[in-house]
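*Asks:* Chains as they are written, first to last, in the numbering used here: chain S, 1 to 284; chain P, 1001 to 1378.
Hints are not guaranteed to be accurate.
[Said to hold, decoys possible] To give an idea of the chain P side of the interface with chain S (calculated C-beta under 8 Å), a few residues:
#, residue
1, A1056
2, T1074
3, N1084
4, S1089
5, A1091
6, F1093
7, H1095
8, G1105
9, K1112
10, Q1137
11, G1141
12, N1154
13, K1287
14, Y1313
By construction, these hints were calculated from the structure, which means they are not laboratory data.
From a predicted model like this one, the values you see are computed outputs, not experimental measurements.
Note that CB positions come from ideal geometry on N, CA and C, so glycine has one too.
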Amino acid sequence: MRFVRRHILTVAAFIVLVYLFIPVAVVGVLSFNDPPSKYNTKWYGFSLDAWTNMCGIPGVCESFVESIKIGLISTFVATVLGTMVAFALVRYRFRGRKTTNLLIFLPMATPEVVMGSSLLALFLNMTFPLGTTTVIIAHIMFTISFVVVAVKARLQGLDPSLEEASRDLYADSRATFQHVTFPLVAPGIAGAALLGFALSFDDFIISFFNAGTLVTFPIYVWGAAQRGIPVQVNALATLVFLVALAIVLIAQFVAWRRRKALQADMASRDADLKALSMDALSRS
Amino acid sequence: MVESRKVEDLHLRNLTKRFGDFVAVDDLTLTIPAGSFFALLGPSGCGKTTTLRMVAGLEDPSEGSISIGEQDVTGLRAFKRPVNTVFQSYALFPHLDIFENVAFGLRRRGVKDIKPAVEAMLELVELTPMARRKPKQLSGGQQQRVAVARALINEPEVLLLDEPLGALDLKLRRQMQIELKRIQMEVGTTFVHVTHDQEEAMTMADTVAVMNEGRIEQMGAPADIYELPETVFVARFLGQSNLFAGRRESSGSDSVTVAAHGQQFTIPNSRNNAPGGDVIVGVRPEKMTIVDAGDPIPDAHDRIAGRVVDVSYTGVSTQYLVKTSWGEEISVFEQNDVVGDQSAVGDSVEVHWARDHAFGLDGTGTSADDVESAMPVV
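Excised from the complex, chain S in its bound form:
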């Protein structure tokens, strides 16, 4: 009983982790499957076919590349625009600032179905041809909000006297931005960009409404699911997961190394101090 009470938190945490990662694990395991038909739902036998021949099924890789492309372009534009909006909202007092602050949240709160369908209506009314452009426009629209929120938080946490100190130390506004503001806000911008890319890459609903004949990766998967998902999709999905995991692990590793270096530094200083005081003691 005591054992349970003492370890209940660990057990609960473990169960939650299992719950979170079983689907990913299933997808990963099935990417090594060798199904005789299109239905890749139970284990038949081990095969590396999907991994060695990822683009073996027509359309998979095209849609994957398309999604990466859309993700990169919309993330880039949204990050630039969103960062500028965040700076304007934090740094300047202007008419309509409060309203803008509020409106920025709107795309995040709007159901995707509503946003996707209303965008579609807009494009159709304008007789704008659906395709990569419309999807990119849509993605920029909803990623901007997330970028603004992330960068704004970072900017608000920035001590204004840092920029004043920079101006005081002979840096004009450009040099101040380059050497002080940007390096300090950059982690926030990078985080915002990663989030933006993830949102764009993964978006199905809004893309589906506005894609026309264009097939993004999520749209491909959805379409394939109607007829049985090819193993290649599992392999690609696992690959994406592994890349994301690698990014997180590298970030963790860098942070850990930095901490380690700092501790070593402190330890050596303590050792120096100890040596000094010993020296002083022996002399007295």
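Using the hints provided, position chain P relative to the given structure of chain S.
*Replies:* Below, chain P alone, put in the same frame as chain S:
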């Protein structure tokens, strides 16, 4: 080491700063002599920091001008002024190490071969081993010295210090006061130091300007303004004062006699700043002596009878609170130079002081209630 250089006076002329209806700095005219350690002392909101920020170029004056020697810098942007600031929060760049923090100003000005200069500066503030640390890895006192080094390396005409010791604990603050004074002597730059701590201002500065409501109330050497305050505000803000509001009764060739609360007090003419008939008599608590009622009192001393209402023993001295017959509580500090010679709460006593130590302030337009409280106005 940094060589002493020829530096120039800092002139503020009719400097005014308004924020909406609020006048933060009110028509300030002031010359800060080259190479001096100058303190702007005042309570929060008195305009001292705004004055400093205008000199730095971080705030635009509403009116007036600022010049260094002959050069008018009023219209110059902050990054063009030969002035550097040590910020209250230090404002060290967290993403740069100590070396790069100190080198920042030189790099922005495109100075070549900065390594020796930075190393010499780190030497001056005794932080050479910390060059590759990040600011966060340093203690508060070390960060403070980095902030000073980062400003001084640019050899500014004027170094501005905005409450630089406010974030340090008492012991470290004492240490840094001495340290800053040493650095100032070594580099010879004009230091303008803003603080609300009167002890800090008096310890460090050659000249102290006491500011209140955007104006300078009094300016001078610490000992001069402490010994002879010219306004009620200064008498209260810089240390404590016992003040008695009264009317001038007669003027002699070298002293005036003032009647207050049915008693007569004498002030030397040289120490009387009241132009008219309303005079406030002031005496510093440590100038007063406390004796049992009826004990003899020396010649040329004035006296007040009262009852002890509080005794605080502080080691070096004992601080008494004595209630006078008219209900005012006056402070008396006595050195503990004789063991056991203490008055107790409830004792009837007489407080006396040498007439030469009293000072007179202008009492026009102030009622006794405004004035008569021994508490400092902070």
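*Asks:* Does N1154(P) meet its interface restraint, that is, does its C-beta lie within less than 8 Å of any C-beta in chain S?
*Replies:* 7 Å, holds
*Asks:* Can the hint on A1056(P) be confirmed by a CB-to-CB distance to chain S that is less than 8 Å?
*Replies:* 6 Å, holds
*Asks:* Should the hint that S1089(P) touches chain S count as held when the rule is a Cβ pair under 8 Å?
*Replies:* This hint holds: S1089(P) lies near chain S, its Cβ roughly 5 Å from the closest one there, short of 8 Å.
*Asks:* Against chain S, with CB atoms and a cut of 8 Å, does the hint on N1084(P) hold up?
*Replies:* 6 Å, holds
*Asks:* Answer holds if the nearest beta-carbon of chain S is closer than 8 Å to that of G1105(P); otherwise answer violated.
*Replies:* 4 Å, holds
*Asks:* Would the hint on Q1137(P) stand, with a C-beta cut-off of 8 Å toward chain S?
*Replies:* 7 Å, holds
*Asks:* Does H1095(P) pass the interface check with chain S, least Cβ-Cβ distance below 8 Å?
*Replies:* 5 Å, holds
*Asks:* Taking 8 Å as the limit, does the beta-carbon of T1074(P) come near enough to a beta-carbon in chain S?
*Replies:* With a closest approach of 16 Å, the T1074(P) hint is violated.
*Asks:* May I ask you to test the interface hint for K1287(P) with respect to chain S, counting a Cβ-Cβ separation under 8 Å as satisfied?
*Replies:* 42 Å, violated
*Asks:* With chain S as the partner, please determine if A1091(P) meets the hint condition of a C-beta pair closer than 8 Å.
*Replies:* With a minimum Cβ separation of about 4 Å from chain S (threshold 8 Å), the hint on A1091(P) holds.
*Asks:* Have a go at the G1141(P) hint: is there a Cβ in chain S nearer than 8 Å to its own Cβ?
*Replies:* 15 Å, violated
*Asks:* Would you settle whether the hint for Y1313(P) is holds or violated, based on the nearest Cβ-Cβ distance to chain S being less than 8 Å?
*Replies:* Check failed: Cβ of Y1313(P) comes no nearer than 36 Å to chain S, outside 8 Å.
The structure is inconsistent with the numbered hints 2, 9, 11, 13 and 14, although it conforms to all the rest.
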